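Required output: the full structure, derived from the provided sequences and hints.
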Amino acid sequence: MVRIRLRKMGTSKLSFFRIVAADSRKAQNGSFLEVIGYYDPLRRPHEIKVDEKKVFDWMQRGAQVSETVRGLLRKTGTWERWSRFRAGEEVSPEVVFIRGEKRTAPDSGSSDRA
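Just so you know, this note's numbering puts 80 at position 80 of the sequence shown, and the rest follows in order with no gaps.
Warning: the hint list may mix true and false statements.
[Said to hold, decoys possible] Below, computed lysine-lysine pairings styled on DSS-like, alpha-carbon distance capped at 25 Å:
| no. | residue 1 | residue 2 |
| --- | --- | --- |
| 1 | K8 | K54 |
| 2 | K26 | K53 |
| 3 | K75 | K8 |
| 4 | K8 | K53 |
| 5 | K8 | K26 |
| 6 | K54 | K26 |
| 7 | K53 | K75 |
| 8 | K26 | K13 |
| 9 | K54 | K75 |
[Claimed, not checked] Here are the simulated distance ranges between beta carbons:
| no. | residue 1 | residue 2 | range |
| --- | --- | --- | --- |
| 10 | L33 | W79 | 19 to 29 Å |
| 11 | S83 | K13 | 31 to 41 Å |
| 12 | E89 | S12 | 43 to 53 Å |
| 13 | A87 | R44 | 35 to 45 Å |
| 14 | S31 | G62 | 17 to 27 Å |
| 15 | P45 | R25 | 33 to 43 Å |
To be clear, the hints were calculated from the coordinates, so they are not data collected in a lab. All values derive from a computational prediction rather than experimental measurement. Beta carbons are placed, not taken as given, at the ideal position from N, Cα and C, and that holds for glycine.
Okay, here's the thing in structure tokens:
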């Protein structure tokens, strides 16, 4: 079964996380199928970037979402958009970037960790 979950990156005490689609039988930092976004809790304000098109594609194929990633998707608004998408409403997936509590479009000047 495929799960959308966090993959720990970085060094000790300077960790950030990639949001990935991975086989649930693989280790946390093992191989993965696709990078979907990233979450950096150490940046102030923290950053979350999610590619909704990739999330929707994997969820349509039956991928399960971990509790932590589900919380991040709720924070970005992606989870609510997925619910509307499943209900048949026309929703255009986008790349969501959040710095702190504000949802913004990703700017080309920011460092992209995914």
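Here is what the structure says about each hint:
1. As the CA atoms of K8 and K54 are separated by approximately 19 Å, the hinted pair is consistent with the 25 Å bound.
2. With a C-alpha separation of about 24 Å, the suggested pair K26 and K53 falls inside the 25 Å cut-off, and the hint holds.
3. Only pairs whose Cα atoms come within 25 Å are accepted, and K75 paired with K8 is accepted, the gap being roughly 20 Å.
4. Distance check on the hinted pair: K8 and K53 sit about 22 Å apart at the alpha-carbon level, within 25 Å; holds.
5. Taken as a hint, the K8 and K26 pair is honoured in the structure, with Cα atoms around 14 Å apart against an allowance of 25 Å.
6. With a C-alpha separation of about 20 Å, the suggested pair K54 and K26 falls inside the 25 Å cut-off, and the hint holds.
7. At most 25 Å may separate the alpha-carbon atoms for a hinted pair to count; K53 and K75 meet this at roughly 17 Å.
8. Straight-line distance between C-alpha atoms of K26 and K13 comes to about 24 Å, which keeps the hinted pair within the 25 Å bound.
9. Under the criterion of a C-alpha separation no larger than 25 Å, the hint pairing K54 with K75 is consistent with the structure, at around 17 Å.
10. For L33 and W79, the Cβ-Cβ distance of about 21 Å falls inside the hinted range of 19 to 29 Å, so the restraint holds.
11. The supplied range of 31 to 41 Å is met by S83 and K13, whose beta-carbon atoms lie about 37 Å from each other.
12. Between E89 and S12 the Cβ separation comes to about 44 Å, which falls inside the hinted range of 43 to 53 Å.
13. Between A87 and R44 the C-beta distance comes to about 37 Å, which sits within the given range of 35 to 45 Å.
14. The supplied range of 17 to 27 Å is met by S31 and G62, whose beta-carbon atoms lie about 19 Å from each other.
15. Taking the beta carbon of each, P45 and R25 are about 35 Å apart, inside 33 to 43 Å as hinted.
The structure meets every hint from the earlier list without exception.
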